[in-house]
Amino acid sequence: MSDSKDLERELSEMLTEGEYGSEEERREEERRKLSPKYEIRIQTTLDPIVEETLNYRKMAKEIDGRYDDYLKRTERVEKKPD
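Per this note's numbering, the sequence shown starts with residue 4, numbered consecutively.
Quick caveat, the hints were computed from the structure, so don't treat them as lab data.
Be aware that one or more of the hints could be misleading.
Quick list of the computed label-pair ranges, beta carbon to beta carbon [stated by the list, open to error]:
hint, residue 1, residue 2, range
1, 12, 34, 27 to 35 angstroms
2, 33, 9, 46 to 54 angstroms
3, 25, 60, 50 to 58 angstroms
4, 51, 7, 52 to 60 angstroms
5, 69, 33, 28 to 36 angstroms
6, 44, 8, 52 to 60 angstroms
7, 43, 17, 36 to 44 angstroms
8, 49, 15, 50 to 58 angstroms
9, 33, 5, 44 to 52 angstroms
10, 7, 39, 43 to 51 angstroms
Cβ atoms here follow ideal geometry from the backbone N, Cα and C, with glycine treated the same way.
Kindly produce the complete structure, drawing on both the sequences and the hints.
Have a look at this one:
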């Protein structure tokens, strides 16, 4: 019975480790897969976060002013009716 448990444990280790020999090699491969080779940046005239925030503020009142600082930094402050 112990032989079958040993075989099962070895098989389990092989399946979880895959083709990598050590934990360090596996982590290095994960890092390589995660980091992009190229980064593309597009400059836009409209900030989608600002636009969505302004749209939501038209529908409902915000409980906290969580996005006020962000709107001030982007120089797009909602005009409040007088």
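Hint check results:
no., hint, verdict
1, 12 x 34: 27 to 35 angstroms, "holds, 28 angstroms"
2, 33 x 9: 46 to 54 angstroms, "violated, 29 angstroms"
3, 25 x 60: 50 to 58 angstroms, "holds, 53 angstroms"
4, 51 x 7: 52 to 60 angstroms, "holds, 58 angstroms"
5, 69 x 33: 28 to 36 angstroms, "holds, 34 angstroms"
6, 44 x 8: 52 to 60 angstroms, "holds, 54 angstroms"
7, 43 x 17: 36 to 44 angstroms, "holds, 39 angstroms"
8, 49 x 15: 50 to 58 angstroms, "holds, 52 angstroms"
9, 33 x 5: 44 to 52 angstroms, "violated, 34 angstroms"
10, 7 x 39: 43 to 51 angstroms, "holds, 45 angstroms"
The structure does not agree with the numbered hints 2, 9 stated previously, though it agrees with the rest.
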